[in-house]
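*Asks:* Listed below, chain by chain, are the residues.
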Amino acid sequence: MMKEKKGTGESMKRLFKDPSSLILVLTSFIFLILFVIYPLIVVVFTSGFDNWGTFFSKPRYGKALLNTIVSSSLSALTATVVGFIYAYAINYSNIKGKKFFRFIAFIPLLAPSVMSGLAFLLLFGRGGMISQWLNSNFNIELDLYGLPGLWIVQTISYFPLAYMTITGVLRSISPNLEIAAQNLGARGFKLFRTITLKLALPGVINAFLLVAINCFADFGNPKLIGGNYSLLAVEIYGEIINNEPGLASVMGIILVIPALLVFWLQNKVLSKGSYSTITGKPVSGLKRITTSKKTDTMLFIFNSLISLFIISMFAITILYAFTKNFGRDNTFTLDHIMKVVFSSSSPAVLNSLVLSLISAVLAVAFALVLAYVIIRKPFPGKKALDFTAVLPIALPGTFVGLALIVAFSKGPIVLQGSAALIVIAMLLKQMPVGYRGLTAAFKQVDKSIEEAATNLGANSQKTLSTIVFPMLQKTVVANFVYAFMKNMNTLSTIIFLITPKWVVAAVSIFNYAETGTYYWAAAVAVGLMGATLGTLGIIKLIFRDKVKIFDF
Amino acid sequence: MARQKKNKSSIIILSVIAVVLIAGFFGYKSGIFGGKTKGKITVYSIFQEEEARKILDRFKEETGIDYDILRLPSGEAVSRVQNEMAKPQADFLMGGPADSHVVLKDAGALQAYVSPNASDIADNMKDSEGFWTGFYLNPIAIGINEDRWKEKYGNDPYPETFKDLLDPKFKGEIGMSDPATSGTAYTAVASLAQVWGQDEMIDFVRQLLPNLKERPKSGIEPIQKAAKGEYTIGVTFLGDQLKIKKQGNPIVSVVPEGAGYEVGALSIVKNGPNTEAAKKLMDFMLTEEPGTIYTSSAFSVSVKPSIPVPEGGIDIKTTKYNTSYDLWTAASQRKDLQNALKDLK
Amino acid sequence: MEPQVLLDLKNVNKVFGNNHVLRDINLQIERGKFITFLGPSGCGKTTLLRSIAGFYTVDEGEVWIDGKQVNDLPPYKRGTPMVFQEYALFPHMTVFDNIAYGLDIKKRPEEEIEKRVKGALAQVKLTGLEGRYPHEMSGGQQQRVAMARALVMNSPIILLDEPLSNLDAKLREEVRVELRGIQQDLGLTVIYVTHDQLEALSMSDYVVVFNKGAIDQYGTPHEIYYEPRTQYVADFIGTTNFIEATVLEHNEREALVSYGKETPTKVLAKVLVNKGEQVLLSVRPESLRINHPDGGEFCIRATVKSSMFLGEKERYFLEDNAGKEWIVDAYDIGQTHYTGEVVITASADKLHLIKKNND
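Protein chains in written order, with UniProt numbering: chain A, 1 to 552; chain B, 1 to 345; chain C, 1 to 359.
Calculated directly from the structure, the hints in this document are not laboratory data.
Just so you know, nobody snuck in bad clues.
Here are the simulated distance ranges between beta carbons:
hint : chain 1 : residue 1 : chain 2 : residue 2 : range
1    : A       : N139      : B       : D336      : 41 to 51 Å
2    : B       : V16       : C       : E110      : 22 to 32 Å
3    : B       : L21       : C       : E111      : 37 to 47 Å
4    : B       : A86       : C       : P91       : 47 to 57 Å
Glycine included, C-beta positions come from ideal geometry on N, C-alpha and C.
Let's have the full structure, built from the sequences with the hints guiding it.
*Replies:* Here you go:
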């Protein structure tokens, strides 16, 4: 019986005949081993036995873990519920102003999650605008620090994430299903419960898990608002500052476990042959009519309330940014903006912009190379490479930052304090997302199109540049935009890596908010949002229809 | 009919522009461009960023040297400088209690430099070998939000001593930074340890903890928050309290018996990126102007005798502060005391 | 002088895992001929085509194109432009750029490209549409663009992988005729893969019939239809009736065979048979007559079981005394309708002898 010519030996032989592919494969391996595997190993080794003992013996740490789990679950729950109702209102009802509501759900993405914390302080802190008003007029003393405040802030911060996940799912449910159910007699709540909710469930669960993981790793808000309610991410930070990398590593590992669990859960839910896709594409069908006028009114009110909340957050920030000392001196001034945004001394917003752009470009480029190499070229260790590439998605930002600082502050390679490390940290967080997106897009590219190119005389490089890349352009640009926006806003990942030369806007906002210099915090926040918007605007101008930004 | 030629040229132009911009930015960052800016100085500031920037902006005007600044609480700053000894990120450590600088000197992280402008500073306010130089003086004080006090405690007398703070009526109404990690609070407890002895001090802190609403990491926060009405009492350095009061907040300060004080100091980090500029900065800071700028906004007392007590400030010689407070002792005891305090959680 | 044989496959074998997909393929294809690879899905015809194009490397055997052995030559160097089943047009390029792609890769001068592309467009009757994008065109137009893209390369050999399967019936007929016309005008060598026998018969100079990875027969459409070499070929092409017969006597040209209890018939025998051998006789439904006054050398009684009116013919399903089913097509018979017991006849030259082999 004849044997086919294949196997590891064969594929290695073919790879060596193809030097450009070989270089790509090797680069991918080296990068991932150096910046994912190596830091992970260092963290595990640094944790050390006695530190595990310390962790479990001091009640303070156990409490932090418990608090983190409790607050994250609560926030995730409410964020998901809010996100669901909001998404339902937009996709299923007949309310007016849907465009506006979609826009509102988008704008929190322009700002780091810590800005919610800042705005919350400005409004509801003990000296906040609303608390003062309540105090002087109704004699109510608001104390929302600790769990209540954190809960509220995280809900608002992460509700857009829940909303986006769920809206994708809702849109992919074919209206024909509901119409068929109505045809058979189902109405109102029963229709909702038995059809819509059931079909949307995997997506809702996915949203919950996503938010939970983000809350788990959240650093800025717990630090600002947590008060005495200690949380794991904050403790990790404290230990790093106190020069206890071992203890920090222990806590980091504990932080990662639920994240990995969620990651595994997500994969299970995703592959469970969902009856509608988790992040689906909108499906055409007959027009959906499932809500009554009464429901519409309630939904409209709900969405409006949420929008009011979000708008007031931004409004208060802007007010603080542009007045001398809001509350005491309301004269308009550009002073703060000039001082902290447009000055050449520690230009935080400019730093953010440059680093985010560079990192986003690298992230997308690397993701493209990885996707191409893994999908199209045979070589040994492909599965391991694929897993390593996606792994950082499961790791909380705090952990990634921790691993990098622990691995590269001593030892053979010292990168501490360099811009490179910040860029790499951002890259590690965003590249896997781009990689997943590009892999999915790749799979949708009909292989025969690449074959046609080869058939007509194009070698791999030509095929990649003239056919593959242009066809994936939309995905590439979309991923670039996403990576850029997330980079501008990351805090937890890079808080350990900041040096004076490279202070980044998100960190600046956090620092100013922490020390109570609110007007500067607000000014940097405004500057950051402006920079993000401006860059998005430029990208939109360059690519026009090829990229979906500002589509409301 | 010519078909649309793919605009390769525009892509090339765009990438060239991008490369040039980025290269230019990095060049600018590292201070390559001569002319106006002669390099940059990198500063870890324990001073509030506002004050630090005021001084550094004047420095920039005078010398043309630009700055990058990262504001950190003193504990973090010390930690960072120590961790970065293999590859220091900063040139200059601005502010922070002297005992923190002593710790760093002992670790070998500092660069000795005796500035000619330091000659008129008293010996017990600077390091004999020039590793650090004092800049201002600040006693610990109990800061009270008058309005909130009236609401909560009516006409009760203000607390005069530390032990007065143990009164259960203050539960959740006091803010003080964490003595286990914050330089500010450590100064307070270190002085108490010198006056009462270590055990009594630890006991005191243990009893005080339930009355604390929060333990912020930064030294000035307690009075900022007290001023905003989040609680009634903030225990911080006097200068911080006076500054907040000047902003229009209803603050009353009491310097209690046995209050320690900090000498806020300056030092140059060894092997920093721009030690030349750091020396210039040190010289600059020890002239009249920065001292005046700082004390008038921070309401502390300058170590230079030529700078008068600022308007609205308090001459501490008129208070009951701990005149025999020894900051070198405080420095040497620091690790032990802080560990003991950590166990109180 | 160009060699007459353009494509030469020697003992080509290909294995996928445990699947022996191509078995001992030996084939020689002449210049300027239209060759069809015919067979059901999974028979190996597409695999062979793709092996010629270079997308697969053969595990054994040699592939020669135009006098050169190309086994190790990567697909982009083979010069075998292909028209894909799904057309595989580049969606981000205009029709013009699609067609010009291969020439661009070769870095031909602009004027030449323009001239050749325009020429190809004219050939497939798409002049004027060069500025369009693939998604702006109908399926039929896209198919023509795919063809133009292959034709423009001026390669002596062109491969087509079931290019018409996505078109509706009427369009398919039109394109078939045009394609054959272009091939003949340009003297191209075309290898055309299809499972549609009608296409194979109507367009080809030669047909290669594939059976589970091996070639069962290589012949003209006439030969394939009227002189199938194996039971498989006979069965695959059109409909046929198989008669199990025994050889009573034979010489080089003829054999005397008997079927059941019927009178033995003399038939042509182009293959070597032995006395007593069990053979198959294949006779097409249109070659059989019902109750024909002229009768025929072959004659059998049967009963009409059912019939289907198909417009141009009525297809009768009958059963003879031995229980065997017969299919007879009656053409142009007007109102005549047969029922009950009838007599089926055929002339001996319509009975084709096939050796039985173990498939």
